[in-house]
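One line per chain: the protein sequences are H and G, in this order.
In short: position in the first sequence from 1, add 633, done, that's the numbering used here.
In short: position in the second sequence from 1, add 633, done, that's the numbering used here.
Honestly, the hints are just simulated from the structure, not real lab data.
Accuracy of the hints is not assured; some may be wrong.
Identical copies carry no separate label here, and so any pair may be met within one copy or between two of them.
[Stated by the list, open to error] Pairs of lysine-lysine residues, derived as DSS-like cross-links and limited to a Cα-Cα distance of at most 27 Å, are as follows:
1. LYS1083 x LYS999
2. LYS1083 x LYS1004
3. LYS968 x LYS1004
4. LYS757 x LYS636
Note that the structure is predicted; figures quoted are calculated from it, not measured.
Number of protein chains: 2
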Amino acid sequence: MTKPDDPHRVLIFDTTLRDGEQSPGISLNMTEKLEIAQQLARLGVDVIEAGFPISSPGDFEAVEAIARQVQGPIIAGLARTHTQDIDAAWNAVRDAERPRIHTFISTSDIHIQHQLQTTREDVKGQARAAVAHARAYVEDVEFSPMDATRADVDFTAEVVQIALDEGATTINIPDTVGYAMPQEYGAFLTRLYELVPGLRDVVVSVHCHDDLGLAVANSFAGVQAGARQVECAINGIGERAGNASLEELVMLLHTRHADLGLTTVVNTRELARTSRLVSRLTGYVVQPNKAVVGRNAFAHESGIHQDGVLKERTTYEIMDATTVGLAANSIVLGKHSGRHALQQALEDLGFRVSGQALNTAFKRFKEIADKKKQVTAMDLEALVTDELRDDLGAYTLEWFDVEASSRRPPHATVGVRTPEGTIVEGSFTGDGPVDAIFHAINAATGKDAKLREFHVDAVTSGQDALGEVSVVLELGGVPAAGQGVSTDIIEAGARAYVRALSNGVRRAALQTPDAPPAGVELTPTP
Amino acid sequence: MTKPDDPHRVLIFDTTLRDGEQSPGISLNMTEKLEIAQQLARLGVDVIEAGFPISSPGDFEAVEAIARQVQGPIIAGLARTHTQDIDAAWNAVRDAERPRIHTFISTSDIHIQHQLQTTREDVKGQARAAVAHARAYVEDVEFSPMDATRADVDFTAEVVQIALDEGATTINIPDTVGYAMPQEYGAFLTRLYELVPGLRDVVVSVHCHDDLGLAVANSFAGVQAGARQVECAINGIGERAGNASLEELVMLLHTRHADLGLTTVVNTRELARTSRLVSRLTGYVVQPNKAVVGRNAFAHESGIHQDGVLKERTTYEIMDATTVGLAANSIVLGKHSGRHALQQALEDLGFRVSGQALNTAFKRFKEIADKKKQVTAMDLEALVTDELRDDLGAYTLEWFDVEASSRRPPHATVGVRTPEGTIVEGSFTGDGPVDAIFHAINAATGKDAKLREFHVDAVTSGQDALGEVSVVLELGGVPAAGQGVSTDIIEAGARAYVRALSNGVRRAALQTPDAPPAGVELTPTP
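Next up, chain H with everything else stripped away, as it sits in the complex (with noise of 0.2 Å):
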């Protein structure tokens, strides 16, 4: 039912809120998922597999408001061949305009010897009864032989015939470990075309991972045996060294598409604003040399306007920067702006905001526009995405004071707001003024949290830029995520703690009698 009618159209498969969300330290709330998914549908992405239902409740919960909300992709939840995994997927997807079960089970030996500890008889007879369940719910399903690439290509061709012929729409082909080379897995698509024919009425998929850094040219070069879904994610984020990067390979077939002919319906414009939003959220910084997306990727983006590109800019670009959005960078306000061209300027960076969200996000752009001269579509973006973060039931900063200085240890005091509504207060001297504040906030609300990862980065260039500030900490041994925007890095940075602390609250409170039997979360996944 998927497969498109034009043969040179290639699917675009979101993982970023799957494969991507279970990277180490991101720790993403529904609110979160929900931006990037309403991103996802803004960028044109085909499917967006929005979450692993059975792993989590807040994982059930986030793909069901996903699947009710976001308008547009088909939306998939991930399952094992486990009956209440399959039974999970559908009630979370179950209410969206089109939804996807997507299963899945190891064909390789290894896999099936060491992690499931059974048989190939035992796996092919999971995936039957998996594949069989899955179209008893929805019409629309997909199968992975989970590391097929180290899988004997004969058994994985069974498997995968057994999926056919219980109705699979869709058979993606995991290159898991990120161990292919791309001569080697465009074989190995070809020759599974020669075992399984019937793979040629559905959609063929891709899936590589990239420790070898060949992530974006094992898939390419399963396109070039014939698949037409390409699974991948936001900046390459993902499991180890991650996904294939959705912007690479999109930009990939729109660069060359003279040469290949091959064709998505992303809007490629939208593609650097969904790479910053994904950054942000995730806390997952992008290097400045990363292709498309990278602060560098472009010549005239970085400052340098070499020679040959002031003659013609075809002599040393291969691309335009408008081409991914990069160019857009211009709405400005001031601090005489109105709460109506905030409006205006927000709706054109497509949120819609208005009540008491319009007057928080005018509230906070004034401040910021009190210290900055110019207020840029970045930093609106981040303000937004900074408010996205507040949500009830929540601590929040009230107030704070440090005092840095070489010749005495950094002191800190703060005010925070309890989700009961008090405000404790808390002081502490530290190693450094973020060591100090961190401290006093752990001693003004009583949790013991230990910091993990700290991170800042400029929204902006220039003395006045936003400082954006992403935390990882532990509590009672669960990582939790936290992030914060402003002038002020201190201040930047007790928001994103408190957050981060936030999170590790609601984190630990779901972790309780109805978590599913321990193991589940850790369930290695394609």
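For chain H, the structure is supplied; the task is to place chain G on it using the hints.
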């Protein structure tokens, strides 16, 4: 002369200090370049392209110093086809054990027309003269037809034949704009071998850019077509989206050795450290999901002990973290460790430190050990690297006081020692504590520097982690970078800013009377 007898041997040509150093915002001083070159020698690369000597006096001096002091690898200097370029390159590398001149000229019509504004005939003449002139100096001469992948293959073959006729010993085929696809690039090389049979007697080299995310895959396709030298850079830095990542390329050949049979002499255990050193000194972050050297590239490094990994490592890992040197991050020293223990630990890390340098290192070590319970190998690396940044004739931070609060604007006062040895003071009330201290430094030194980029990372995890701040500022239109390390983020930021200011002042001094004619530094390169 440089062609190895073993047909399976792939030479690693590192261009971190040339193409990498041309990235915007990177501005390494000579000490830093030397330290990177020493580490590249320890890593075991075959060739270090140390710089582009004609481009600036600073570049010339750095290449000369590396040629004189770094043992092991061939030291190459880049040169356009102009006589003065080749003379400069030779004068810079002549003292190396094994010097190389690398000269280039574009063969694509788009470059010949718009960039060079000349004719194909002239390009042939320039290539002939340049290689001949370089060969008069040295036996080891590399020639690159720039933008070859967008050039007419027959014309490129003609120019390559001329270079061979004049005695070039390495022919490099650059994908200058990162436009090629793997099969296409491999086919281009195969066609060149057909047109120029003499290529079989020299080393053929690949130089690929990552604009479409294919630099490693294209380089690999080139190797499969017969190339035996790969030009790459640590962390994949370089113009725009950068070059092929050295670490990915090396680990691809290493991990798939059983299938490919290709070898390098790189000591893979030095990869992680080299990556950290380059990231630290350039201020270019490595994203967590970067293959091989990213923080999460290995499952067990990222803190996720997946079910499968516990049962059998190879179920989810194709490489072992110890192979790339990631396991060495063990605790080495505590606050009671003495001078000898520090010296020994530094020696284990490859830093030979004695006399005054050891005293300084020990003093910094004690300061840190007072604040941190355990000082790890990575902390020591950061400290030593930090010390490298201080040199004579620079500004240094003497003391500072900062107050930050949510209830009044942040205020900073600083004392800075000038190159002349006097201490100047300044104060400022700014938008944030970092903003305030940076402006206070401007006020103290009387400089009008403008902040362009500000970046913070934790060296190790934990509440008492060392913070590492990178700053890029602009002084009189020229960008300059600086880094600082401390457990106190404000102090690290102020150190970084003062160093960037020193670099900026030094740069400005170098840009005076006997600087090369305007435009030389902006010359596009392969």
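> Between copies, within a copy, both or neither: which fits LYS1083 and LYS1004 at Cα up to 27 Å?
Replying inline: The answer is between: 16 Å across copies meets 27 Å, while 32 Å in one copy does not.
> With identical chains treated as interchangeable, where does the CA-CA distance between LYS757 and LYS636 reach 27 Å or less: within a copy, between copies, both, or neither?
Replying inline: This pair counts as within: shortest intra-copy Cα distance 25 Å, inter-copy 52 Å.
> At most 27 Å between C-alpha atoms: does LYS968 with LYS1004 qualify within a copy, between copies, both, or neither?
Replying inline: Result: close within a single copy only, 9 Å intra versus 43 Å inter.
> Between copies, within a copy, both or neither: which fits LYS1083 and LYS999 at Cα up to 27 Å?
Replying inline: The answer is between: 24 Å across copies meets 27 Å, while 34 Å in one copy does not.
Checked against the numbered hints above, the structure breaks none of them.
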